[in-house]
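Read top to bottom, the protein sequences are chains A and S.
For the first sequence, counting from 1, position 199 maps to 181 in this note's numbering; every step adds exactly one.
For the second sequence, counting from 1, position 323 maps to 305 in this note's numbering; every step adds exactly one.
Derived from the structure by calculation, the hints contain no laboratory data.
Some hints could be false.
Since the list gives no way to pick one copy over another, a pair counts as held whenever it fits inside one copy or between any two copies.
Stated by the list, open to error - Below, computed lysine-lysine pairings styled on DSBU-like, alpha-carbon distance capped at 35 angstroms:
id : residue 1 : residue 2
1  : Lys179    : Lys149
2  : Lys136    : Lys261
3  : Lys75     : Lys51
4  : Lys51     : Lys(-12)
5  : Lys(-6)   : Lys60
6  : Lys60     : Lys105
7  : Lys(-6)   : Lys103
8  : Lys(-6)   : Lys51
Number of protein chains: 2
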Amino acid sequence: MNINRKLKELAKVIVKKGVVLAEGEILVIQASVEAAYFSRIVAETAFEEGASEVYTEWFDDEMDKLRYKNESIESLTKTYPWSGRTLLEYAKKGCCFVKINTPDPDVFSEISASIISENFKAKRKIDEETNSMKMNGTCKWTSLAIPSKKWAEKVSPELDENEAFEKLWDMFFDICRIDETNSVENWDIHTQNLTGKANYLTAKKLIKLYFKNDIGTDLVVELAKNHLWVGGTLPSKSGISFVPNIPTEEVATAPYKTGADGVLVSTKPLCHNGQLIDKFKLVFKNGKVVDFEAEVGYEHLKHIIETDENSCYLGEVALVPFDSPISNKNILFYNTLFDENASCHFALGRGYPVVIKNNSIMTDEEIAETGLNISSLIHVDFMVGSKDLDVIGYDENNNAIQIFKNGNWAF
Amino acid sequence: MNINRKLKELAKVIVKKGVVLAEGEILVIQASVEAAYFSRIVAETAFEEGASEVYTEWFDDEMDKLRYKNESIESLTKTYPWSGRTLLEYAKKGCCFVKINTPDPDVFSEISASIISENFKAKRKIDEETNSMKMNGTCKWTSLAIPSKKWAEKVSPELDENEAFEKLWDMFFDICRIDETNSVENWDIHTQNLTGKANYLTAKKLIKLYFKNDIGTDLVVELAKNHLWVGGTLPSKSGISFVPNIPTEEVATAPYKTGADGVLVSTKPLCHNGQLIDKFKLVFKNGKVVDFEAEVGYEHLKHIIETDENSCYLGEVALVPFDSPISNKNILFYNTLFDENASCHFALGRGYPVVIKNNSIMTDEEIAETGLNISSLIHVDFMVGSKDLDVIGYDENNNAIQIFKNGNWAF
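Just chain A, with the same shape it has in the complex (with noise of 0.2 angstroms):
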C-alpha cells in the first residue's frame, strides 16, 4: 500500500466530493494538530481545484484536556464578543468546512460529565449561528476522524501499536472507498446508489415508521411534512450535493419532533465528546425522552438529554443495513462517524432543515411547523440496529412498506 497516494486520494474525495469544492471558493479546515501532516494535503488538494483561500483553526483534545483537569468553571465557559466572529465572516463569504478529528475514544474519561458539558455548550453558543449554515445547507460541509495510535490501541487492542495503527489504516481506506487511482469515481456510483434508495422511499411518502427487534426496540417515530430522504449526501442552498461524513452508508431524513412513542435499545456504545456511554435505553413519549437507563456513562447521557430544551427531542433517523461495509468488518470503532455507519441510528437535537422540501425559500418558523426539531445545541447520533431489526413504513392510507427485514433492507 502507498499511504501518501492513498492520502492524496482521500483528499480529493474530501474536497470534490465531500465539499464540491468550487473554482473560487474558500475553504476553511478546522483540524486536530495531530491531523496536521493530512490537514496541508487536504488544503493543496483544495488549491489545486482553484480555492481562493485556506483558513486552518488547530484543536487539541490533549491540550483540552489538561484544561478540563486545572481551571476553573469560569475559565472553561468565558468567552469573548468576538468569539466564533472570524468563522462566522467565513461562512457568510459561503465558505466550505472541512473537520478532521484524529480521536482517542478515552481522552476525556477522567473529566466530569458536567465539565465536559459546560465547555460544550459554551463552544457551541459561539458557533451556533456558523453551525445553524451548515445544517440549512448554507455552507458544504465534511467531517471525517482519522487514525490516531491511541484510537488504532482502542480497537485493537490486541496488537502492538504500529501494527494496530496500520491496520485500522487499511479499514480505514477500504470502508472510505479509497483505492490508488480511482476513489472519485468510486464515491461518485456510491452516492449515486444510496441516493436511488432515498429517493424511492422519498416517493413513498411515508408519514411514520416502526423500529422492533428483540432486545427490546419498539418505536413509533412520525416523519416530518414534506420530508425528504437523502442517500449519503445533503443538497446546498445552491443545489449541490455535498458528503457531510465519510464514511457514509446511511439514508437518513428527519422525525417530527413530537411524534415518536415507544423504546429505543442502544446496540453499540456511543464515545461522545472523549466519553463513554454503553448499553442504554431511551423511552419516548409525544416525541420526548421521558425515562432513560444506561449501564456506562449515565452522567454523560443525562448531560446530552439535558443540554436544552430540544436536546431531548429526536432530529434525524437514518436507515444503514446491517449487511453493510462498516458492519461486516465485525469490529466497534468507538467512534460515531464509523459505528453510526455500521447501524441504524437516531439522533437526538438539531435536524437537518436540508432534508425538508422548498427549506430554502422557507421561514424557521414555517420549517419548524414542518415537525423538524430546529433548534438544539447538539446533534448526536446513536446507533440502535441489530440483526433482526425490522422497519416498516406507512404512508398515510396507512398502506405499509417493509422496508428492513432482519437488519437489511427489504426492497
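Could you slot chain S onto chain A? The hints should help.
Same frame as chain A, but now just chain S:
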C-alpha cells in the same frame, strides 16, 4: 539520555526561569503544531506551578507556505477588527507568553520576499499593542525553537534523518543547560553570571562603544541615555527578572537611535521568516542604514530594512563571547535564537524600553528622548561577532575601557 525527563526539565526552566510564572497567572502558549507534544508538557508544568489558565494558539509554517504560494496578497494581508483581540485581552490581564517554534530554515525559500514581508507586517500590526506590552515588561515572555527534523537535516546534512534529529536534540539540551535533575539551578547560576557582567557595564556609564575587526566591521555606536545592561534576563514592570530567550548568552543594551556611524559586516547567515540572508554588510550614518550589500538574500534584507521608518535604525547591541558554549559547538544553526547566542550581534528595529532606567514611570515620549528606537514593527537580530573582534567602551570623560579583546570578554 532520557528524553522525556529532559523535556520535563526544559518545561520547568521555561515556566520557572523563562516566564517566572506565579500562582494564579495565565499562560499563553503560541506553538507550532509540530511542537504539540512538548507544548502539552509546558502546559502541564504551568498548571503544577499554579497557572489559573493555559490558552494555546497554534501555527503551522507548512500551511502558511501553501497559502503564500497560492493566495492573493489581499487574502494574505486581510485582518478583522477583532484580529489579535484575544491575545491583547490576555496581555491586559498580565499573562505570560511562551512561544515554541519548530523551525525549518528553508521553509519559505521559494516565496518572494515581498509576500513574506507584507504578510509579516499585517500580522505584526494586529499584535502591535500586545508586542509593546511584552517589550515594555508588562508581560513576561519566553521564546524558544526546539528541534524539527528539517532543521536537524540542515544543521547536519551528512547524517541520516534520525541521527541528525538526535544530534540536534543532544546539542540543544547541552546548549540550553538542560540535564535530568538540576536544570533550574543551572539557570540560576548562569543568569547570575550574565547579570554580574551586565551590572559591571551599567556601572561604567558608557556613552559609546567602538566595534572593530579585520573583516570590515568598524562602527561607533552611542548608547541610549540612562541605559541598563541586562544579562540573559529582562526586568518585568513588577521587577521580576525573566528570561526572554532560551538559550541565552548575551549581555545587551540599547543603542542611541541616531548615534551609529560606520560599517557592520555579518559573520553568520541570518535566517529570518524562513528565508536566508548571508554575507551582508550594513553602512550606518547618524544611526541610519544608508547603504547595504548582501551576497545572498539581498531582497529579503531590503524588505527588513524598509519595513517602516524606524526599521533602518538599531534597537539592540549585544555582547556574546566568541568562546561561548554555542559558539564552541562550531556549528551553524541557521536559527537566530542559537546563532545570535554564539556571536556579538545587533538588532534592527524596535528596542526594549525595559533597558532604560525608570522606564516603568516614563511616557513613550520620555523613553524616545533617551534615544531608544521605540516604534518599529520589527526587531531582527544579526550576527557580527568574530574571533578577532575588539569592543572598546568610552565613558563621558572619554576614558577607554577594553570590553572585548579578540572576540572574548576582556575583563
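For this session: Enumerate the violated hints, using their earlier numbering and listing them in ascending order.
Result: none
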